[in-house]
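> So you can see what is in the structure, the chains are spelled out below.
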Amino acid sequence: MTAENTIANVYNALEQVMDPEIPVLNVLDLGMITDVAVHDNTVQIKMIPTFAACPAVSFIQQQIREIVGRETSLPVEVSIDKDVHWHSNRLSDTAKEKLRNFGIAAPQIHEGELHAEIMLNTPCPHCSSKNTYLRSPFGSTLCRAIHYCKDCGMVFEQFKPVQ
Amino acid sequence: MIKNAIAALIIQMADDELILGHRNSEWTGLGPIMEEDIAFSSMAQDKIGHAWALYRILQEQLNGEDPDQFAFMRAEKDFKCCHLVEMPIGTYDFSLMRHFLFDHAEAIRYDCLQQSSFEPLQQLSKKLKGELKYHTLHADAWILQLCKAGGESYERMQAALEQCFPLAAGIFEPSADEQALIDAGIYPGERELHERWLNSIYPVLVKASLNMPDPAGVKPQYGGRSGKHTPHLQALLQEMGEVFRLDPSARW
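Taken in order, these protein sequences are the chains called L and E.
Going by this note's numbering, the residue at position 112 of the first sequence is 112; the numbering climbs one at a time, nothing skipped.
Going by this note's numbering, the residue at position 191 of the second sequence is 191; the numbering climbs one at a time, nothing skipped.
Some clues are possibly wrong.
The calculated DSS-like cross-link candidates involving lysine-lysine, where the alpha carbons are at most 30 angstroms apart (straight line), are [claimed, not checked]:
#1 L:Lys150 <-> E:Lys207
#2 L:Lys130 <-> L:Lys82
#3 E:Lys219 <-> L:Lys82
#4 E:Lys126 <-> L:Lys96
#5 L:Lys98 <-> E:Lys129
#6 L:Lys82 <-> E:Lys207
#7 L:Lys98 <-> E:Lys126
#8 E:Lys207 <-> L:Lys46
#9 E:Lys129 <-> L:Lys46
Chain L is nowhere near these chain E residues, computed Cβ spacing over 10 angstroms in every case [as the list claims (entries may be wrong)]:
#10 Gln69
#11 Phe94
#12 Gln238
Hints were generated in silico from the structure; no laboratory data involved.
Positions of the beta carbon are idealized from the N, C-alpha and C atoms, including for glycine.
From just these sequences and the hints, can you work out the full model?
Printed below as a string of structure tokens:
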């Protein structure tokens, strides 16, 4: 198999590695993969955690090793890329669409510095109203905030923007 | 030499995060409203994660121990946290004010570390700064809301500020190695951080109509950085490490 083929296979396999906390998103959707290479018949993958304290990181690394290893029949090394830090603009458009369909509002696009105002009037994933307010910047997982929609009366979660 | 000074700085920062993270977690199940229960629990998770990341730098770059062993097996005198983080959670107004004062100090510190000449700290600070935005956002919103409520609510926030202020000044306890760290461009030093911290909390206190004690008239509560602690720390360490010490070699 050529190296290009192997790398294409690795990407296909990575699409099957889901975030245990948001099972509709895979690690590519989340922008967690920073590099894929094949050296000496070993797949080397660099990844970055979304939050420093994310408890799912080692589980995700293990999943990557298992699934990519199974799909390519090669040994897989997964390491943390310290040169890149994760921010919420790394979420792909597909990821945001999947999030909304899952009932979680997507993070707003930010330009470098994040201001508190960006969290206001987050569109409700249920009725799309912007007549909403931030109830708490902390939710059921580190990456979520809690909002309230004044139009449909629903409490909803948002994948929060992070600079 | 400089490596020892960097390690000492990281231990202080990490111990503050670990101990306050543990304190915050004591609100789990007890928060005055559900959102605050969740917020303090989330911030606990963040802080303990930050402590772990710092202990990890010690291990990988400065010949330190395994982070779990280091966090749970040290003697009380080997902890270098400040007294502010050791205090019991008390009432919600105390915990909220502590969170406000500490997290602004923490945000300032990581902001400055983005220019650090020590690369691992510089890289980590970039990551943590974005997360800390939510901590200060949370603290500011509640301080303002409770102060604007007036009456007992306002009076309790003012009393909590007066109680916490000398303790919070203790975050910036000077150390013997500080000048070496400043000269090496590791960080700007505690005095500078203290100044920047005052500039960061002052506008929020003004908006909340709280009277900040005159920093010149406040006696900072020092001692933590040299391993002298309040009686509260030993009890906390006892509880925090209880399960770990049952079998320190267990794999989790």
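> Compare the structure with each hint and give your call.
Hints, verified against the model:
1. L:Lys150 <-> E:Lys207: Within the cut-off at roughly 27 angstroms; holds.
2. L:Lys130 <-> L:Lys82: Violated: Lys130 (chain L) and Lys82 (chain L) sit about 37 angstroms apart, past 30 angstroms.
3. E:Lys219 <-> L:Lys82: violated, 41 angstroms
4. E:Lys126 <-> L:Lys96: holds, 24 angstroms
5. L:Lys98 <-> E:Lys129: Distance ~28 angstroms between Lys98 (chain L) and Lys129 (chain E) Cα, so the pair holds.
6. L:Lys82 <-> E:Lys207: violated, 39 angstroms
7. L:Lys98 <-> E:Lys126: Measuring from Cα to Cα gives roughly 28 angstroms; hence the hint holds.
8. E:Lys207 <-> L:Lys46: Outside the cut-off at roughly 45 angstroms; violated.
9. E:Lys129 <-> L:Lys46: holds, 22 angstroms
10. Gln69: holds, 18 angstroms
11. Phe94: Holds, since 20 angstroms exceeds 10 angstroms.
12. Gln238: With a cut-off of 10 angstroms, Gln238 (chain E) remains clear of chain L, as the shortest Cβ separation is near 24 angstroms.
The structure is inconsistent with the numbered hints 2, 3, 6, 8, although it conforms to all the rest.
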